[in-house]
Amino acid sequence: MKLNRRLFMSSAAMAIATPAILRAQASPSAAATLRAVMHADLRSFDPFWTTAYITSYHGSMVYDTLFGTDEAGNVKPQMVDTFSVSDDQLAYRFKLRDGLLFSDGAPVRAADCVASLKRFCARDVVGQLLWPRVKTLRALDDQSFELVLSDFFGLTLETLAKTSSCAFIMREQDAMVDPNEQITEIVGSGPFVFNRDETQMGARYVYDKSPTYVPRSGPASGTTGGKQVYLDRVIWENIGDPQTAMSALIAGEIDYFENPPLDFVGDLAANRDVNLLVSNEVGTCGCYRLNHLHPPFDDVRARQAMLYLVKQAEVMAGAFGLSEYTEETPSLFGNNNPMSNRENIGWFEHGQDFDKAAELFEDAGYDGRPVIILQPTDIPVIGVAAQFAAQWLRKAGVNAELAVSDWGAIVSRRAVKKPPEEGGWNIFPTYTATIGSPILYPGHAAGGDSAWFGWPDNPKQEALRMDWTLAKTQEERQEIARKMQANAWDFVPQVNYGQWQQPAALRSDVSGLLKVPDLVPFWNLRKA
Amino acid sequence: MKFLLRKTLSMGAVLLIVAFMVFVMIRFSPGDPAAILAGDNATEQQIAAIREAMRLDDPLALQFGHWTSQVVSGDLGTSIFSGEPVLDMILQRIEPTISLTLLTMGFAIVVAVVLGVFAAARAGRTTDRLVMVFSVIGFSVPGFVTAYLLIYVLSVRLGWFPVQGYTPLAEGIGPWLHALVLPGLVLSLTYIALIARITRATMLEVLSEDYIRTARAKGVSPNAVLYGHALRNAGVPIVTIVGLGFSMLIGGVVITETVFNIPGIGRLVIDAITKRDYPIIQGITLLLSAVYVMVNLLVDLSYGLIDPRTRKS
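Chains as they are written, first to last, in the working numbering: chain B, 1 to 528; chain S, 1 to 313.
Just so you know, these hints were derived from the structure itself, not from any lab.
Careful: at least some of the hints might be erroneous.
[What the hints assert, rightly or not] Residues of chain S placed beyond 10 Å of chain B at every Cβ, according to the derived structure:
{"hint": "1", "residue": "Phe3"}
{"hint": "2", "residue": "Lys7"}
{"hint": "3", "residue": "Val18"}
{"hint": "4", "residue": "Ala19"}
{"hint": "5", "residue": "Phe118"}
[As the list claims (entries may be wrong)] Chain S is faced by these chain B residues, among others (derived, beta-carbon under 10 Å):
{"hint": "6", "residue": "Arg123"}
{"hint": "7", "residue": "Ser412"}
{"hint": "8", "residue": "Phe453"}
All C-beta atoms, glycine included, are put in the ideal place defined by N, C-alpha and C.
Can you build the whole structure from these sequences, using the hints too?
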């Protein structure tokens, strides 16, 4: 056969295009693949080993939980079929749904659940409150297990159903790994399977629809109900630059952007191919952690002075511009959640008062020493909060200094208990999405040395926090929350600087995003 | 041969010094990988347990000795965060960086030399001034600004190129090249600006030499004078600046890979620095140092090819 120009050109074109064609045939189609940009890189795959939210998201992809929480906040069985609770609420029996399988084909057994719960309780902050009360936790047969407590714990089912740092169910052999080490295999009974071969650490994380997942019947709501998966593949693209992520979303190269900066939201809202959706209506609350160990904030009057310095609206405007997604919050527990209340908020109603703050600092014996405020360069909202704090303090006659570094260095320095002049700090601005829970947010602890950064010490607050875990009804918990707040705004463990909701941005052909406070559910999502 | 031997020995010394300095600097800089890994809601006890499990509490001398003995045997250690061998992670990510770097260098050198020669041949005229203005702009405008502008116009508005990402060569030359056009253009601008200026300056010096006047007087064509006689004699400084500019290219790769979401070595090292993943930072710094030394060695060797007089010296 003679080689002519036409034959050569067509052969060359085929040679160039063939690898792409073959590869396209092996991967799910673009219509069945959802590409998402999440708020952080996935650094650890063990959801019991780290408290990082992104790892919890990963866990919700590949694992399932015994119970879930629906959109109204109600606890409902998920992997559990039926359960019983004794009248004294000390003995629980659980029976698993039929046909539950791990992605390797092995059935989910009660022994897997027992081992998983033990590992969970070894690391989780709420699990660590539950575990000392556990008298027995044992499998009764392959489908059933029981949990018997020695003392009442008001959050037993809530612990199994919580939507952050969840009580995921792993295979027994994975759950038997030392809690201080990470699991090495990722095999769960969740709606997706982690595709390690196609994953590239730091760049892209690939999840395929699980062929063995058995969804519950009924509509999906929160982390409960039928977790139907309508996509063949979900890819988390680690696009570190938010501008690039936004451009990629507009151009259709990605389908979902979890945390677009709020100053991009206007442009995204104006784009007809993009929708904005707030899936976490509780939002995120910013707070200044005050260091109770060293002057001036070892004196309650100096801490109270901060209540008269912080003007939340200014921080929110400085960080996000004039936005419908920001608000002020006088509550220790933030707004928009069952524990929000208005106890002891006279300081908030009084408003910013530099003279009053200066007077309180003077009463506290402030001697002019530098007040060190940690300021990160790579988290804009916290950086803005730090700068405002410095400005307000200076107006009140306080010698405020900003200690500027990246977040990685701040994470190290915030743990330093030494005096500020020896590498410690006075104010550590941060934020949290779990401020509504006296237990989930570690900042509500007031156990002194064992408390979270800032180390507030107030036995009354700690006692109230423990009472909250023993409350039997939501009304009781709310009453305790009111008492906690009344006490807190007297001894001032921290001061809030504002609250904001983070809308996610998704392509207009994507639908079905469920509202879950602490994670992003990829089940129920469809692409048109 | 003696020259090569001397250069190889000095390369070893340079790498050892780099290894030591990087190891010490990152260990003494603020940041705790255990705290970053544990997450914001972790307790001090949890963080301490992670630190112990990862042996981050071992004495520094022990850590350094352990790492250097690994490096000598070709093992760059294991990522603190992923547990994967650093060498494997580098090999997985090296193709995009090599692709981007070589394309950029090739494109930049060709364009810059032509622009520089063009400007020198038309010194003082409008063309020369335009080239110099372009050079100043290319040098002054930060790469990420250019990147955002190009993405907005050519990707988002016109849809001619992808916004981000990298297509492996195995998926076809066309898609591979298509994905690298914008990042290559962004990365090359500063490089072109630098090389064009040096080329122009060196060419102007050479064009005033007697032998150039002789060549013209003998009737040699203008292009032959420029490219056959003048450019070859201007080659040594140009090659020198290409080698020196390589370090600038490495820095630019980090920014370009971040903006265009290219999963190369630049992104890997930025992520590692943010996380304080010491083995990756050390491994990549060592690798880039070795490459930089090799590039300069090649530059030194090229002098002999360009100018035979340097072979004797």
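Legend entry - Hints the structure fails to honour: none
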